[in-house]
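K.L.:
Note that the protein sequences, when read in sequence, are chains A and B.
Here the working numbering is used: position 359 in the first sequence is 359, and no number is missing along the way.
With positions in the second sequence counted from 1, the corresponding number in the working numbering is that position plus 385.
If you are wondering where the hints come from, they were derived from the structure by calculation, not from laboratory data.
Heads up, simulated BS3-like pairs for lysine-lysine below, C-alpha to C-alpha not over 27 Å straight-line:
no.: 1; chain 1: A; residue 1: K382; chain 2: B; residue 2: K698
no.: 2; chain 1: B; residue 1: K701; chain 2: A; residue 2: K381
no.: 3; chain 1: A; residue 1: K316; chain 2: B; residue 2: K767
no.: 4; chain 1: A; residue 1: K364; chain 2: B; residue 2: K766
no.: 5; chain 1: B; residue 1: K766; chain 2: A; residue 2: K360
no.: 6; chain 1: A; residue 1: K382; chain 2: B; residue 2: K701
no.: 7; chain 1: B; residue 1: K745; chain 2: B; residue 2: K698
no.: 8; chain 1: B; residue 1: K563; chain 2: B; residue 2: K767
no.: 9; chain 1: B; residue 1: K652; chain 2: A; residue 2: K316
no.: 10; chain 1: A; residue 1: K96; chain 2: A; residue 2: K331
no.: 11; chain 1: A; residue 1: K46; chain 2: A; residue 2: K227
no.: 12; chain 1: A; residue 1: K77; chain 2: A; residue 2: K96
no.: 13; chain 1: B; residue 1: K652; chain 2: A; residue 2: K313
no.: 14; chain 1: A; residue 1: K235; chain 2: A; residue 2: K178
no.: 15; chain 1: B; residue 1: K481; chain 2: B; residue 2: K716
no.: 16; chain 1: A; residue 1: K37; chain 2: A; residue 2: K227
no.: 17; chain 1: A; residue 1: K382; chain 2: B; residue 2: K745
no.: 18; chain 1: A; residue 1: K360; chain 2: B; residue 2: K652
no.: 19; chain 1: A; residue 1: K77; chain 2: A; residue 2: K227
no.: 20; chain 1: B; residue 1: K669; chain 2: A; residue 2: K381
no.: 21; chain 1: B; residue 1: K767; chain 2: A; residue 2: K360
no.: 22; chain 1: B; residue 1: K669; chain 2: B; residue 2: K652
no.: 23; chain 1: A; residue 1: K48; chain 2: A; residue 2: K37
no.: 24; chain 1: A; residue 1: K132; chain 2: A; residue 2: K228
What the simulated footprint calls covered on chain A by chain B, stretch by stretch (three residues with Cβ under 8 Å from a Cβ of chain B suffice, anywhere in the stretch; the number is not a length):
no.: 25; segment: 5-18
no.: 26; segment: 338-347
Idealized CB from N, CA, C, for every residue including glycine.
Number of protein chains: 2
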Amino acid sequence: MLADHQLLRIPGPSPIPPSVQRAMVQPMIGHRGQEAKQLIQTIRPKLKPIFGTDQDVVVITGSGTAGLETAVVNTVKAGDEVLVIVTGSFGDRFAKICESYQIRVRRLDVEWGNALDPNQVKVLLEENPTIKAVFATFCETSTGVLNPIQALSEMVHQSSDALLVVDGVSCIGGVDTKMDEWGIDILVTGSQKAFMLPAGLTFVAASERAWNVIENNEQSRFYLDLKKYRDNLIKDSTPFTPALSLLFGLEQVLQLFEAEGLSNVYKRHQTMMEMTRAAANALKLPLLTSDVAASPTVTAIRPADFQAEDLRKVLKQEFALSVAGGQQHLKGEIFRIGHMGYCAPADILQIVAILEIALKRIGKNVPLGSGTAAAQEVYLKKEAY
Amino acid sequence: MLADHQLLRIPGPSPIPPSVQRAMVQPMIGHRGQEAKQLIQTIRPKLKPIFGTDQDVVVITGSGTAGLETAVVNTVKAGDEVLVIVTGSFGDRFAKICESYQIRVRRLDVEWGNALDPNQVKVLLEENPTIKAVFATFCETSTGVLNPIQALSEMVHQSSDALLVVDGVSCIGGVDTKMDEWGIDILVTGSQKAFMLPAGLTFVAASERAWNVIENNEQSRFYLDLKKYRDNLIKDSTPFTPALSLLFGLEQVLQLFEAEGLSNVYKRHQTMMEMTRAAANALKLPLLTSDVAASPTVTAIRPADFQAEDLRKVLKQEFALSVAGGQQHLKGEIFRIGHMGYCAPADILQIVAILEIALKRIGKNVPLGSGTAAAQEVYLKKEAY
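Put together the whole structure using the sequences plus the hints.
P.N.:
Below, the structure written as structure tokens:
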């Protein structure tokens, strides 16, 4: 096999564009100097449209999980009651974080692969008026579900005073998001998915309502204290030494978003999702999620008549193509294709054509080219952009 | 379109593997120090099997054309008579180099797209016993022809004392080559094709017979004097400051060749050629060359019922896929797909699937997926390696 050839199509980390790689190897700078200040000045306004907010988006050096924990410790405290909607392993993580802070968690467990139902949330909130915050996952990476956050937000605000905290790690930057218009109170994402960067940065924005809560929240926190980040960001600075090379990369990512146009970025992700799903249907590979619940950034397939791990092994060994397996109880049951960030429709064609060969290799009698043709047909129906 | 996304599938320069890119940004070293000596020591033995020779392969900092000129000025001189076999624009270049040194050129012009016929060469050599050297092109980049160098070599040595000088720029490293066994006297290649490097290095090896001629050849030359390179190489050195970052990259390329195994490298190129040709046939795209004359590194297609340039425009604008056009009288008549170096069968699947869409875009009624299926079938018949 061609050495040093890798096709990374897991739902994050995602591949890094070459110009972003180059940006990240710029000579190091001091984090308190004029260069760092200018870097943050450039980045700061450009993050807002991606979140769909007029609020500042703070940048914290940490994994996505640090962003989720930031959302928790800044908005609620030990003893508070919260509702955590669990549609997969990342909803579960929100619950675990809350529990480790002795926050009382009411879980709404949704079958993995399904989207949350806002009406169920409404009932729970009306029954439990003491709930201070609702935690939800926008794109559930473990299942490829895109939850209906706009509808959820309307329902939460209609039926309670709770804050709505949203984990957008695996979709922000790939899915049109209107934080302010929809009424999301805290929105979190990470750098290693649709943001086309290595892991190491997490992004958090808060609504005015949320800031009022944050100001007064008594939960102890130091590194993850949002106020520190906000107060420094106003001065184009950071409270702690940031991962500067990732900020160099972020500056370039934001230029790439501008060059393509955010609306085109979102259309591209939508097209890639539709191509992947059409190919799966043509190849009779059962999709884990319904069309309406599907995320533009990741697609999960639950094979009915072969082992997902057998297929993954062929993809990796013969084509150096990495797709993800399942998590927790879906381990071995599904495989997940990431189509986010630095990924083009041309890459979906490649993944699908490889998939067809790999299915043959494991003994499936698929018509060669049929998945590819289905993906091509989807593409051709779209306006070229 | 996804910004900063390029699919470079011209017949060189070819894409650079990431580990080679990383190798090339190592800190600069002095060219007369111990590090440079060690670098050359590592590289030197590993070049020989790629050429199929026990002779040293000298590395000259220059384009492939500098390598061709090296071959000329070291073996013949003004007034000498040579035979140049012209099967395309790079054969033509050999003739131009010779003519600029007042070497008397007898051209054997072969219709572009066809391979040379050793029997024709035999006749010419027997009629012209004063011919000192025969210049031939192994892979003619401009047409995708792989000339029968082994058969040519036998014929040249049977029918004359002329040296056989071979331009292997666009195939050495992608095609099994046995310089010593076949009796090639001078073999030249460049860094930017199957060697997976940027342009800037050219490689030249000479047979013992050739070295005897080189020692005594009276043609003036300084930078391109092979003796200088050989005499320095014996001491793990170079006569002039070499392109050290390219040598860093070369060291890594040779490691990648070792990791894959040279025989696997050649099999991969053969597979990619067959996949490309099968797809072209399935899509009713006329191949410029016959199966027997086809090169494993580049495939030329001569469309019968559409403009090659219209297709190239769609490939580039909509998919950032670069394929080459035609040269000289084939300009606008053909397009050429490079499948050499850092290119895997998975990339051929991608190129073909894109091609199908582009053909639709320019109004051709091709069955979607049919070219892909043909390429997949070729792949599946091969042993996995």
